[in-house]
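Peer 1: Using UniProt numbering, the letters of the sequence shown correspond one by one to residues 1 to 189.
For the record, the hints were derived by calculation from the structure and aren't laboratory data. Certain hints may be false.
[To be verified] Pairwise CB distance ranges (calculated):
| id | residue 1 | residue 2 | range |
| --- | --- | --- | --- |
| 1 | L69 | E89 | 25 to 35 Å |
| 2 | A54 | V27 | 34 to 44 Å |
| 3 | Q50 | S176 | 42 to 52 Å |
| 4 | P29 | E60 | 27 to 37 Å |
| 5 | T42 | K179 | 45 to 55 Å |
Computed from a predicted structure; not experimentally measured. We put the CB at the ideal spot given by N, CA and C, even for glycine.
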Amino acid sequence: MATVASPAAGSPAPVPQSRTMTSKEWVIPPRPKPGRKPATDTPPTKRKAQNRAAQRAFRERRAARVGELEEQIEAQKAAHERTVKELREPTTGGSGTTSNSSAAVPRLGLSLSCADAYKTLSSHRHFDRAADDIGSWLPKLKALPVPRPQPGPAGGRGLGRDGRAPIEVEAASIMSVLKDFDVRFGRGE
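Start from the sequences, fold in the hints, and give me the full structure.
Peer 2: See below:
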């Protein structure tokens, strides 16, 4: 066994070895997180130009959509007028044709009222809010009862219990809903 020689008790303490110091302290930057974009600031003029272009495109899309909807409304009105004209012509068929026609008139009136309500909404100042609210109004309009013609006394015209024709009852129901709608948006009384 070899023994390690220790310094003698009277000898001076050993001198520690000097460490080599570098002239510059190196700092490693933190690694960027994956999936992040580098932090480059885009000039405000470029952002403003992009915002203007996006706004212009949005306005064009909205105007095109409103134009399409207006065309659809006009087509529905023309079809409605054509159907009403056909229904008002004297029928040559039996009583079954007349009852089918009179049952179709209230439904057509309801669809025309829905189209008119939508046109009113599209011209409303608060278009976005009104467009959201139309979803809650359409079920209410569709849920209105469609009165069936009831046989009157001695083959009458099919008046209801209150003495009014079914189409008058339907029109009164639709008008009350539309009046309520106009009041809600501050366009009525």
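Peer 1: Check the structure against each numbered hint from earlier and tell me which ones fail, lowest number first.
Peer 2: Number 4 only.
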